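Going left to right, the sequence shown walks through residues 1114 to 1332 as my numbering numbers them.
Just so you know, the hints here were simulated from the structure itself, not pulled from any lab data.
Everything numeric in this text was worked out from a predicted model, so none of it was measured.
Yeah, the Cβ is synthetic: ideal placement off N, Cα and C, and Gly gets one too.
Among these hints, one or two may not hold up.
Cβ pair distances, simulated, as ranges [said to hold, decoys possible]: (1) L1227 x Q1256: 21 to 31 Å; (2) S1220 x A1176: 24 to 34 Å; (3) A1186 x A1265: 18 to 28 Å; (4) R1175 x G1209: 22 to 32 Å; (5) L1149 x F1206: 34 to 44 Å; (6) S1180 x I1139: 37 to 47 Å; (7) A1186 x A1276: 22 to 32 Å.
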Amino acid sequence: METNRQSAGGTFERCAPFGVFVAFLIVGSFLQHPWLPIVRSALVALVLLWFWRRYHELHDARAVRPSSWGLAAACGLAVFVAWIFLDHDALRFGRGQGYQPLHFDGSVDWTLALLRLAGFALVVPVMEELFWRSFLLRWIERQDFLAVSPAAVGARAILISSALFALEHNQWAAGAIAGAAYGLLYIRTGNLWVPVAAHAVTNAALGAWVLATRSWEFW
């Protein structure tokens, strides 16, 4: 009973930042404004900071082995490459204009662009890994998820969470690969900072690619 109460208490703080993020996505489908994604990232970051002391799995970054950081970087870059090369109509739900941080004359508004990149590469990986891996992946394995060691997560939880992660992304095939890769990193290393780092590398590389090529649809 005590374990169930602790898990229930751990659910809200891992879901709240993701809930704020999704709420802004819904608002953004009706209201288009260049500062909306910036405000979204800022509010998600504030929620993360509010609950930070309760994210016990993020209090041990120094326990990560150097080889695990290297694995995270390699995995993050591999997912980035997959994201670019799996950009086919059959492997995505549709195409949109994406986020375009531009002045009226078509030049890049670097204030908006860099703020968007910061949220994309620094805030989103922490928020999503707390929800998708720390919470949902382990919750699928067993509802008292705080008592579940990452190493104890089985194939069923990986497959279900990766499929759901794919549905969150327009490029569903790349999203499924990313979800599986980050989940397996968490299981292998037992430290949430490793998939967070991999996710951050993917998003930073993708953001740099977007700004270099103006492939806004990836944003």
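Checked hints:
1. A beta carbon spacing of about 41 Å between L1227 and Q1256 contradicts the range 21 to 31 Å that was offered as a hint.
2. Distance hint check for S1220 and A1176: the Cβ-Cβ separation is about 45 Å, which falls outside the suggested range of 24 to 34 Å.
3. A hinted range of 18 to 28 Å holds for the C-beta pair A1186 and A1265, which are about 26 Å apart.
4. Roughly 41 Å separates the CB atoms of R1175 and G1209, a value that falls outside the hinted 22 to 32 Å.
5. Distance hint for L1149 and F1206: a CB-CB separation of about 21 Å, inconsistent with the stated range 34 to 44 Å.
6. Taking the beta carbon of each, S1180 and I1139 are about 41 Å apart, inside 37 to 47 Å as hinted.
7. Look at A1186 against A1276: about 26 Å separates their beta carbons, and that is inside 22 to 32 Å.
In terms of the numbered hints stated before, the structure departs from hints 1, 2, 4, 5, listed from lowest to highest.
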